[in-house]
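Take the sequence shown: its letters are residues 1 to 196, numbered as in this note's numbering.
Treat the hints loosely; a few may be bogus.
Unchecked claim - Computed beta-carbon distance windows for the label pairs: (1) A151 x I81: 19 to 29 Å; (2) R117 x R144: 10 to 20 Å; (3) G164 x R11: 11 to 21 Å; (4) I154 x H22: 31 to 41 Å; (5) D174 x E72: 31 to 41 Å; (6) G21 x P175: 37 to 47 Å.
By construction, these hints were calculated from the structure, which means they are not laboratory data.
Note that beta-carbon positions come from the ideal geometry of N, C-alpha and C, so glycine has one too.
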Amino acid sequence: MARNIKEELRRDLLLSRRAMGHEEWLLKSGTACEFLMGLDAIRHGSRIHCYVSMSADREVCTMKVLEQLSSERKEVFMPYIDQGGMRVAAYMPGHRFVTRDSGPPVPDPLIISDEVRFDAVIVPLVGADLRGARIGYGKGWYDRFFESLLASGIRPVRIGLCFGFQVLREVPSDPWDQFLDLLVTENGIVNCMSGI
Numbered sequence: 001m002a003r004n005i006k007e008e009l010r011r012d013l014l015l016s017r018r019a020m021g022h023e024e025w026l027l028k029s030g031t032a033c034e035f036l037m038g039l040d041a042i043r044h045g046s047r048i049h050c051y052v053s054m055s056a057d058r059e060v061c062t063m064k065v066l067e068q069l070s071s072e073r074k075e076v077f078m079p080y081i082d083q084g085g086m087r088v089a090a091y092m093p094g095h096r097f098v099t100r101d102s103g104p105p106v107p108d109p110l111i112i113s114d115e116v117r118f119d120a121v122i123v124p125l126v127g128a129d130l131r132g133a134r135i136g137y138g139k140g141w142y143d144r145f146f147e148s149l150l151a152s153g154i155r156p157v158r159i160g161l162c163f164g165f166q167v168l169r170e171v172p173s174d175p176w177d178q179f180l181d182l183l184v185t186e187n188g189i190v191n192c193m194s195g196i
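Build the full structure now, drawing on both the sequences and the hints.
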């Protein structure tokens with residue numbers, strides 16, 4: 001039952017997000033990213049893992065975030081989806097990205113990294129609630145990623161980046177779901193640890 005509700009929410013939220021006009025998407029992305037860059041975990045962190053946004057899906061655009069983090073001499077990393085799993089790639093200023101049939105754009109050149117000591121991980125999502133429960137794309141990449149980091153004794157700040165309409169009163173969660181610490185939207189910041 002919960003899985004059916006999650007699938008329905010995923011479908012409806014993706015349709016709403018993909019319906020955003022280009023200007024609205026960029027404007028709201030810019031505002032959300034300003035809030036993101038003001039977070040202590042980002043300002044004081046030295047190793048940041050951040051997703052590369054898929055513009056066709058209207059994920060909050062992170063291209064300027066990647067550039068700004070790099071310009072601040074932080075070590076910047078991003079996910080690389082390969083054979084159904086998520087690996088870590090290093091981000092370098094001026095990276096060119098190649099769009100694939102599915103999944104996030106791939107950097108060219110691709111520099112795979114074995115880094116795991118992230119201070120913060122910026123996560124894309126389809127929906128979330130104030131507890132930090134998250135609906136992703138249904139592949140479980142980030143759940144397994146956070147689980148593997150925990151197994152190595154690493155617990156970065158988990159930051160969900162999305163638009164305000166994607167934050168719901170409650171989303172279904174499964175026992176294996178990894179919850180977020182913070183949500184950042186164009187409306188501000190939600191501390192999922194306190195629900196405010």
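At the C-beta level, are G21 and P175 separated by a distance inside 37 to 47 Å? holds, 39 Å
Indicate whether the distance between the beta carbons of G164 and R11 respects the range 11 to 21 Å. holds, 19 Å
Given the hint of 10 to 20 Å, check if R117 and R144 actually sit that far apart at their C-beta atoms. holds, 18 Å
CB-CB spacing for E72 and D174 relative to the 31 to 41 Å hint: The hint (31 to 41 Å, Cβ to Cβ) holds, given that D174 and E72 are roughly 36 Å apart.
For A151 and I81, compare the CB-CB distance with the range 19 to 29 Å and indicate the outcome. holds, 20 Å
Pairwise beta carbon distance, I154 to H22, judged against the given window 31 to 41 Å: With a Cβ separation near 37 Å, I154 and H22 satisfy 31 to 41 Å, so the hint holds.
Going down the numbered hints, you'll see the structure goes against none, and every one checks out.
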